[in-house]
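Chemist: Chain by chain, the residues run as shown.
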Amino acid sequence: MAKIVGGITTSHVPAIGRAIAGNLQQDPYWKPFFDGFPPVHDWLAKVKPDIAVVVYNDHGLNFFLDKMPTFAVGAAPEYQNADEGWGIPTLPPYAGNQALSWHVINELVEKEFDLTTCQEMLVDHAFSLPLKLLWPNEERCPVQTVPVCINTVQYPLPSAKRCFKLGKALGEAIASWDADLRVVVIGTGGLSHQLDGKRAGFVNKDFDLAFMESLIHDPEWATKYSTEELVELTGTQGVELLMWLATRAALPGKVRKVHTNYHIPISNTAAGLMVMECAD
Amino acid sequence: MSSVRQKREIPGTAVFDGDLAQKGYALNKMCFSFNSADNRAEFQRDEQAYCRKYGLNEEQESVIRNRDVLGLLAAGGNVYYLAKFAGILGLDVQDLGAAQTGMTKDEFKAMLVAAGK
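Protein chains in written order, with our numbering: chain W, 17 to 296; chain V, -18 to 98.
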């Protein structure tokens, strides 16, 4: 059976793409962010995942308002990154794993999650930048991937409670896959930030730190909040913490905190990073 | 009648619900088209003709013309698609933040730094 080795959650701010392209990792503005990653690289070298299941939200590259799925799972042999309109370099394609994709799709639909399945799927910065941060030195991402996309563009969004359930079912699906492979679950987005409206620039450090801690000791803590409460507490884009929540829920049982980093600001965002290892 | 009711009033914030998604459809569809470099170039050659091609209403044409960020949101624009319009203008999300809060970009950035202390 496949083994879930743990989870990594990280922000996916587009400006990271520019910083990587400009080799600004040690620039004073960027250093506190990029210095968070070497311990993650060490952990990845230790646990050696074969596949990354990436829980992220599309920002208007693959999906438009004409058809907006709440939950979508990729089932393609390969995923292309593409021009998003504001000029960060396009990264090389990502290998899929269609066997795991279809196993996940079959299991999730069996558990009453009505998914959209995508045999062609463009993946945006929320997918590509975290993988580049985790494997910075390889031209192409060295692990196979399965994208899981959660709508945070158009309301109503799936609730925190629902995303937690999705994550739990996703983890059970991965663990029941009959393949001797190691899987890391990656959740991207957040933490608190707001791009739009008169409240643009809003961040909430106290909430973010409490949320990160909750993932270790009380993973369902954030499920008590409605979507609108989460927007009020974390900002219109801070609600991307739903990806973190689904990722934590995918990890079976207790987790050990391997590493965290938290820094304000990266662009308009409170940038968070966390590595959780399955305790068993 | 409202298609989706926003139950909470969140200061300085509007969630992009069904009402805004309907109202802003043409505007967002135009901005979504800016994923393509050819479309960005076509817009830059003749902004008004490009707006008309996508069926923007008068309000939407006007806020595009005036680069009015809060106006674009009020006209149903979604920030993820509007960011692609901002990209054409060479603006990043901190420029947008400054424009929406009435700060200079430096003031906006300083506010964020202060929030991290």
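Just so you know, these hints were derived from the structure itself, not from any lab.
Misleading hints may appear alongside valid ones.
Claimed, not checked - In the BS3-like style, the derived pairs of lysine-lysine whose C-alpha atoms are separated by at most 30 Å in a straight line are:
| no. | chain 1 | residue 1 | chain 2 | residue 2 |
| --- | --- | --- | --- | --- |
| 1 | V | K10 | W | K184 |
| 2 | V | K10 | W | K214 |
| 3 | W | K19 | W | K83 |
| 4 | W | K273 | V | K98 |
Chemist: For every hint, state whether the structure bears it out.
Modeler: For each hint, the structure was consulted:
1. Taking the CA atoms of K10 of chain V and K184 of chain W, the gap is about 35 Å. The hint is violated against a cut of 30 Å.
2. Restraint check for K10 of chain V and K214 of chain W: satisfied, since their Cα atoms lie roughly 24 Å apart, inside the 30 Å limit.
3. Our distance criterion of 30 Å between C-alpha atoms is broken by K19 of chain W and K83 of chain W, whose separation comes to about 34 Å.
4. A hinted pair counts as satisfied when its Cα atoms are at most 30 Å apart, and K273 of chain W with K98 of chain V qualifies at roughly 24 Å.
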